[in-house]
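Required output: the full structure, derived from the provided sequences and hints.
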Amino acid sequence: MRLHSILRTMTKLLMPPIMLFGLYVQFHGDYGPGGGFQAGVIFAVAFILFTLIFGPTRARQVAPEWVTTPMCAIGVLLYAGVGVATMLLGGEYLNYNVLAHDPHHGQHMGILLVELGVGLTVWAVMVTIFLNFVERHDHAALDPGDGAEDGHV
Amino acid sequence: MEQVIDIVLLAFMVVTALAMIALRNLFAVVMLSGIFSLLSASMFVLMDAVDVAFTEAAVGAGISTVLMLGTLALTARAERTPRRNSLLPLAVVVVTGAALIYGTLDMPHFGDPQAPIHQHVAPRYIEDSPREVGPPNMVTSVLASYRGYDTLGETTVIFTAGIGVLVLLGARVDRRRCNAQAARKDAGEGRS
Numbered sequence: 001m002r003l004h005s006i007l008r009t010m011t012k013l014l015m016p017p018i019m020l021f022g023l024y025v026q027f028h029g030d031y032g033p034g035g036g037f038q039a040g041v042i043f044a045v046a047f048i049l050f051t052l053i054f055g056p057t058r059a060r061q062v063a064p065e066w067v068t069t070p071m072c073a074i075g076v077l078l079y080a081g082v083g084v085a086t087m088l089l090g091g092e093y094l095n096y097n098v099l100a101h102d103p104h105h106g107q108h109m110g111i112l113l114v115e116l117g118v119g120l121t122v123w124a125v126m127v128t129i130f131l132n133f134v135e136r137h138d139h140a141a142l143d144p145g146d147g148a149e150d151g152h153v
Numbered sequence: 154m155e156q157v158i159d160i161v162l163l164a165f166m167v168v169t170a171l172a173m174i175a176l177r178n179l180f181a182v183v184m185l186s187g188i189f190s191l192l193s194a195s196m197f198v199l200m201d202a203v204d205v206a207f208t209e210a211a212v213g214a215g216i217s218t219v220l221m222l223g224t225l226a227l228t229a230r231a232e233r234t235p236r237r238n239s240l241l242p243l244a245v246v247v248v249t250g251a252a253l254i255y256g257t258l259d260m261p262h263f264g265d266p267q268a269p270i271h272q273h274v275a276p277r278y279i280e281d282s283p284r285e286v287g288p289p290n291m292v293t294s295v296l297a298s299y300r301g302y303d304t305l306g307e308t309t310v311i312f313t314a315g316i317g318v319l320v321l322l323g324a325r326v327d328r329r330r331c332n333a334q335a336a337r338k339d340a341g342e343g344r345s
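Protein sequence lines correspond, in order, to chains A and B.
Residue 142 in my numbering sits at position 142 of the first sequence; the count goes up by one each step and never skips.
In my numbering, each residue's number is its place in the second sequence (first place is 1) plus 153.
Simulated from the structure, these hints should not be mistaken for laboratory data.
Given the structure is predicted, the values throughout are model-derived calculations rather than measurements.
Glycine is no exception: its CB is placed at the ideal position from the N, C-alpha and C atoms.
A couple of the hints might just be wrong.
Simulated restraints, written as ranges between beta carbons of each label pair [unchecked claim]:
#	chain 1	residue 1	chain 2	residue 2	range
1	A	I74	B	Y302	17 to 25 Å
2	B	G317	A	T9	35 to 43 Å
3	A	V84	B	M291	24 to 32 Å
4	B	I316	A	E92	22 to 30 Å
5	B	E285	A	V84	21 to 29 Å
6	A	T9	B	E155	23 to 31 Å
7	A	Y24	B	Y302	25 to 33 Å
8	A	P17	B	I270	32 to 40 Å
If you want the ones that stay clear, here's a sample from chain B, every Cβ over 10 Å from chain A, calculated [said to hold, decoys possible]:
#	residue
9	M154
10	L253
11	P261
12	F263
13	H273
14	R277
15	A314
Structure representation (structure tokens):
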């Protein structure tokens, strides 16, 4: 990929707007279309584009495994944790009314937090799946015996 | 006018689907499936379901295409021509398709306010969600608040998918050592 200067420059130019749009979709889901699922995917697309152009080794420097793998679980735990928090505050599981003094504020905060949990998990899972596919491919290329064995079932 | 767009989009979808069946080059099939997703996303926009269209465009046309290309890089590029004749599968598909079309005859028309789905919980969401939950986008209220359990379940499904891929393709695991262990285990089972 060293020679594709147009692709490399365009990727560098496109990554910030894609990530900004992902954040917009994440935190603006209450007002317009979108939410955690779409935002997570869009945010992951920025990393996938980066991997396609610069390769998995450099992608792992910006999204290392010790970040993406735990993040898969942290999102779900954040979502489930909001439910536990509402129970501790005296409401039903995932009843956001009790999160703040005003039920509307509580609902708003609860939705923001669970959507953030969804977004984190979706982003981490998408990046994990894609990078594992790519790294597996590199691994198979280095070790043809293994790749031939698994690749043509 | 909208009907014309509907018909054109549906015709494009049919042509794309037929081309996907006919082609043996899997790279082209993956690209066509991305186009198919984009066309269905446009259909959802026409039906005023922008949230669904957004998801379809991002997940169906975007991520799925990339992931399938990643899979193609690991496997073969072309589909083998099937040796058996495909009359029985064709019959199964035709019968299933006919049954599904027969099923749609009883369904209420698109946008019919008397349809059961608009009479069940939807009026409550439309009337009470601005007061009870707040966000102007009712889809978010329903997904994150009224149907919070379902969305938690969906997030868990995504998490499980990620863990599944990690277990199957985990790059960090020393594959050679794993293979050696598996071989030893197989040998051990063979003896017992």
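Hint-by-hint comparison with the structure:
The supplied range of 17 to 25 Å is met by I74 (chain A) and Y302 (chain B), whose beta-carbon atoms lie about 20 Å from each other. Remark: the range hint 35 to 43 Å for G317 (chain B) to T9 (chain A) is upheld by a beta-carbon distance near 37 Å. The hint said 24 to 32 Å for the Cβ distance between V84 (chain A) and M291 (chain B), and at roughly 27 Å that hint holds. Between I316 (chain B) and E92 (chain A) the CB atoms are about 29 Å apart, so this pair conforms to the stated range of 22 to 30 Å.
Between E285 (chain B) and V84 (chain A) the beta carbon distance is about 22 Å. The supplied range of 21 to 29 Å therefore holds. For the pair T9 (chain A) and E155 (chain B), the supplied restraint of 23 to 31 Å is violated, since their beta-carbon distance comes to about 41 Å. The supplied range of 25 to 33 Å is met by Y24 (chain A) and Y302 (chain B), whose beta-carbon atoms lie about 27 Å from each other. As the Cβ distance of P17 (chain A) to I270 (chain B) is approximately 38 Å, the hint placing it in 32 to 40 Å holds.
Against chain A, the non-interface label of M154 (chain B) holds: every CB pair exceeds 10 Å, the least being about 23 Å. Non-interface status of L253 (chain B) relative to chain A is upheld: no Cβ of that chain comes within 10 Å, the nearest being about 27 Å off. No Cβ of chain A comes within 10 Å of the Cβ of P261 (chain B); the nearest lies about 25 Å off, and the non-interface call holds. In this structure F263 (chain B) is separated from chain A by more than 10 Å, as the shortest Cβ-Cβ distance comes to about 20 Å.
Look at H273 (chain B): its CB is around 21 Å from the nearest CB on chain A, clear of 10 Å, so calling it non-interface holds up. Listed as outside the interface, R277 (chain B) is consistent with that label: its C-beta sits roughly 16 Å from the nearest C-beta of chain A, beyond the 10 Å cut-off. Not every Cβ of chain A is farther than 10 Å from the Cβ of A314 (chain B); the closest lies at roughly 6 Å, contradicting the non-interface assignment.
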